[in-house]
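Chains as they are written, first to last, in the numbering used here: chain A, 1 to 324; chain B, 325 to 648.
Don't read these hints as lab results, they were simulated from the structure. Here the structure is a predicted model, which is why all the values come from computation and not from measurement. Keep in mind that a hint or two might mislead.
Stated by the list, open to error - Reference listing, derived: stretches of chain B covered by chain A, where coverage requires no fewer than 3 residues with Cβ under 8 Å from a Cβ of chain A:
#1 329-341
#2 414-423
#3 449-457
Said to hold, decoys possible - Derived DEER-like restraints, expressed as beta-carbon distance ranges:
#4 A:GLY183 - B:VAL330: 23 to 33 Å
#5 A:PRO51 - B:VAL613: 34 to 44 Å
#6 A:GLY183 - B:ARG606: 21 to 31 Å
#7 A:ARG191 - B:GLU393: 36 to 46 Å
#8 A:ARG58 - B:SER368: 23 to 33 Å
#9 B:SER368 - A:VAL289: 28 to 38 Å
#10 B:VAL621 - A:ALA150: 16 to 26 Å
#11 B:VAL621 - A:LEU218: 25 to 35 Å
#12 A:LEU253 - B:ASP605: 57 to 67 Å
#13 B:GLN391 - A:SER59: 55 to 65 Å
Cβ coordinates follow ideal geometry from the N, Cα and C atoms, glycine included.
2 protein chains.
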Amino acid sequence: MIRIPVEQVQDVLAAVFIRIGVAPERAALSARLFVETTRDGVYSHGLNRVPRFLATIRSGSVNVRAQAERIAAHGALERWDGKKGVGNLNAYAAMDRAIAMAREHGLGCVALANTNHWMRGGTYGWQAADAGVIGICWTNTLPNLPPWGATDPRIGNNPLIVAVPRPAGAVVLDMAMSQFSYGALASYRERGELLPVDGGFDREGRLTRDPAAIEGSLRPLPIGFWKGSGLSVLLDATAALLSGGRATHELGLDPLQEVGISQVFLAFDPAVFGPLGDTVDRIVASLGVRYPGEQVVRIRAENLAKGLPVDEALWEELRKEAGR
Amino acid sequence: MIRIPVEQVQDVLAAVFIRIGVAPERAALSARLFVETTRDGVYSHGLNRVPRFLATIRSGSVNVRAQAERIAAHGALERWDGKKGVGNLNAYAAMDRAIAMAREHGLGCVALANTNHWMRGGTYGWQAADAGVIGICWTNTLPNLPPWGATDPRIGNNPLIVAVPRPAGAVVLDMAMSQFSYGALASYRERGELLPVDGGFDREGRLTRDPAAIEGSLRPLPIGFWKGSGLSVLLDATAALLSGGRATHELGLDPLQEVGISQVFLAFDPAVFGPLGDTVDRIVASLGVRYPGEQVVRIRAENLAKGLPVDEALWEELRKEAGR
């Protein structure tokens with residue numbers, strides 16, 4: 001692991017994206033969203049994810065020239081077609097539009113069909129909160145989780161993000177419907193650790209904290225068992241209904257082919273009724289424990305000061321891709 | 325347990341509410357919402373809840389003469405003041421208005437402050453779905469759950485409801501942020517059963533399936549551990565920010581004094597873009613297991629055919645309250 005200044009990573013990554021065909025301004029934005037994800041400590045969906053993202057472009061799953069476009073509008077509700085373009089650019093454009101509608105109508109919703117993996121969902125929560133509004137968004141995914149009562153994957157882990165603005169630092173929840181992602185299971189296994197709580201079933205159908213047993217059974221747990229399973233179904237149904245796009249059961253099982261997914265972006269502007277006051281500060285103070293997003297502030301400061309932590313081999317690969 | 329025809333229960337309950345000061349039309353609606361809750365099998369929040377509801381009226385916590393009123397509006401976002409009126413009437417009026425805004429603006433949101441317990445949250449999900457729109461609503465509650473990392477209750481179990489319309493029967497998720505309610509814990513204990521999964525901590529801080537141990541420690545689990553804890557915080561923050569009303573930490577610990585809570589009602593009308601088609605049917609068919617709300621259809625049919633199951637002593641009490 002080496003540390004590289006943020007600006008340098010940003011430059012190299014933008015160059016990589018330009019070389020693969022993304023228009024310069026859009027390449028810079030997409031690179032920034034990847035860089036900020038690593039900066040904020042969400043390493044699984046930042047720079048480490050770029051090689052897989054490039055593979056989806058080369059395989060034709062992601063069309064770097066496509067731009068999301070509004071195809072229908074009714075008041076504060078809009079349908080956009082993501083045209084299988086770059087996932088983080090599509091999602092950013094959708095939340096940007098939802099924020100603009102929130103300023104006008106008090107709230108706004110963009111339902112986005114035919115898009116691709118948005119990488120870190122929290123990105124769009126921070127985007128809303130940094131603009132001073134409440135952001136709520138969710139996405140469906142390929143089937144990677146058995147619903148409660150079944151043993152094979154038929155529902156998505158469908159991340160849900162809820163973000164509220166606060167002068168001292170936004171409160172941002174970014175959570176998938178699985179208790180542990182496959183990435184998290186692999187990390188625990190590699191460290192030789194048990195999960196802190198039950199994370200799924202083993203092949204015999206027993207609840208277990210052994211990450212390898214869950215990787216073997218393909219039966220991770222939904223959060224709250226039947227509850228997270230149900231919420232996953234409803235997030236999928238609302239995303240498909242509002243966007244007119246595809247539901248989880250219509251998506252393939254190959255992560256490189258996870259294209260044409262459906263997402264919902266909601267923004268609310270409570271400031272239309274007056275200053276927000278210290279409501280959120282007082283909630284945070286009442287908890288006595290960490291609030292969602294609190295760790296990000298510390299990690300962000302550290303990574304900005306010391307440079308982004310990057311795997312050395314990955315950094316060489318990215319520089320080669322950039323022609324540097 | 326006896327069975328009483330739905331119409332007879334409705335008549336008696338409406339008479340009870342009129343006698344305690346609710347205006348006749350409003351009494352009929354409030355009675356209907358209680359009756360439908362029992363009809364749908366949610367016995368904890370239907371007729372069984374009426375004595376406690378009457379107690380909150382007699383104690384002055386609930387003002388039966390107050391009607392929720394819009395106090396601010398901006399496009400598709402409205403703030404209402406519940407004036408500490410009857411919780412289910414306030415919530416019904418708020419979702420009704422959100423539905424009307426959804427028809428006009430594509431979506432609509434009513435944020436309701438100073439209201440009281442809405443009884444079954446699913447009521448307002450069914451209300452939206454029966455009107456052909458997507459309904460999402462949530463409420464904060466008094467502090468009844470320790471946040472993840474703490475041992476005393478500081479967050480609410482903040483029920484979240486998501487409902488989508490479907491000709492063959494709506495899909496309605498109605499879930500609190502605790503894995504088991506105190507009512508559910510008591511039921512398991514009375515039956516001498518262990519919980520099917522860990523439901524909280526015992527006094528020594530160990531995860532347990534023993535309902536009595538959790539009742540003793542006052543440490544039920546949030547769904548998904550840190551995840552449900554975080555979602556509870558965000559539901560509270562968004563409800564307080566949007567409504568301008570109170571957050572969980574500002575509410576007392578006495579259930580009879582759980583007044584002045586904050587709620588959010590959202591409705592989306594995807595039909596503004598054309599017919600809904602069979603999207604939800606196909607999602608339901610793909611699951612291979614029960615969908616959220618499926619049990620309701622069966623229980624509802626049985627209770628409509630046989631009459632509502634009512635505790636005999638409770639029925640006598642209600643008839644006495646009604647002067648019958």
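Starting from the range 21 to 31 Å, see whether the pair GLY183 (chain A) and ARG606 (chain B) falls in it by beta-carbon distance.
holds (30 Å)
Distance restraint hint 23 to 33 Å, applied to the beta-carbon atoms of GLY183 (chain A) and VAL330 (chain B):
violated (52 Å)
Take the C-beta atom of VAL621 (chain B) and the C-beta atom of LEU218 (chain A), compute their distance, and say whether it sits inside 25 to 35 Å.
holds (31 Å)
Can you let me know if the beta-carbon spacing of LEU253 (chain A) and ASP605 (chain B) is within 57 to 67 Å?
Given range 57 to 67 Å: violated, Cβ gap about 22 Å.
Look at the Cβ atoms of ARG58 (chain A) and SER368 (chain B) and judge whether their distance stays inside 23 to 33 Å.
violated (55 Å)
Between VAL621 (chain B) and ALA150 (chain A), does the beta-carbon spacing fit 16 to 26 Å?
At 20 Å between Cβs, range holds.
Taking 8 Å as the C-beta cutoff, is the stated coverage of the segment 414-423 of chain B by chain A satisfied by three or more residues?
violated (count 0)
Coverage criterion applied to the segment 449-457 of chain B (partner chain A; beta-carbon cut 8 Å; 3 residues)
violated (count 0)
Go ahead and decide if the range 36 to 46 Å is satisfied by the Cβ distance of ARG191 (chain A) to GLU393 (chain B).
violated (57 Å)
Is the distance from the Cβ of GLN391 (chain B) to the Cβ of SER59 (chain A) consistent with 55 to 65 Å?
holds (60 Å)
Do SER368 (chain B) and VAL289 (chain A) keep their Cβ atoms within the hinted range of 28 to 38 Å?
Holds, since SER368 (chain B) and VAL289 (chain A) (Cβ atoms, about 29 Å apart) stay within the stated range.
Starting from the range 34 to 44 Å, see whether the pair PRO51 (chain A) and VAL613 (chain B) falls in it by beta-carbon distance.
Holds, at about 36 Å.
Checked against the numbered hints given earlier, the structure breaks hints 1, 2, 3, 4, 7, 8, 12 and satisfies all the rest.
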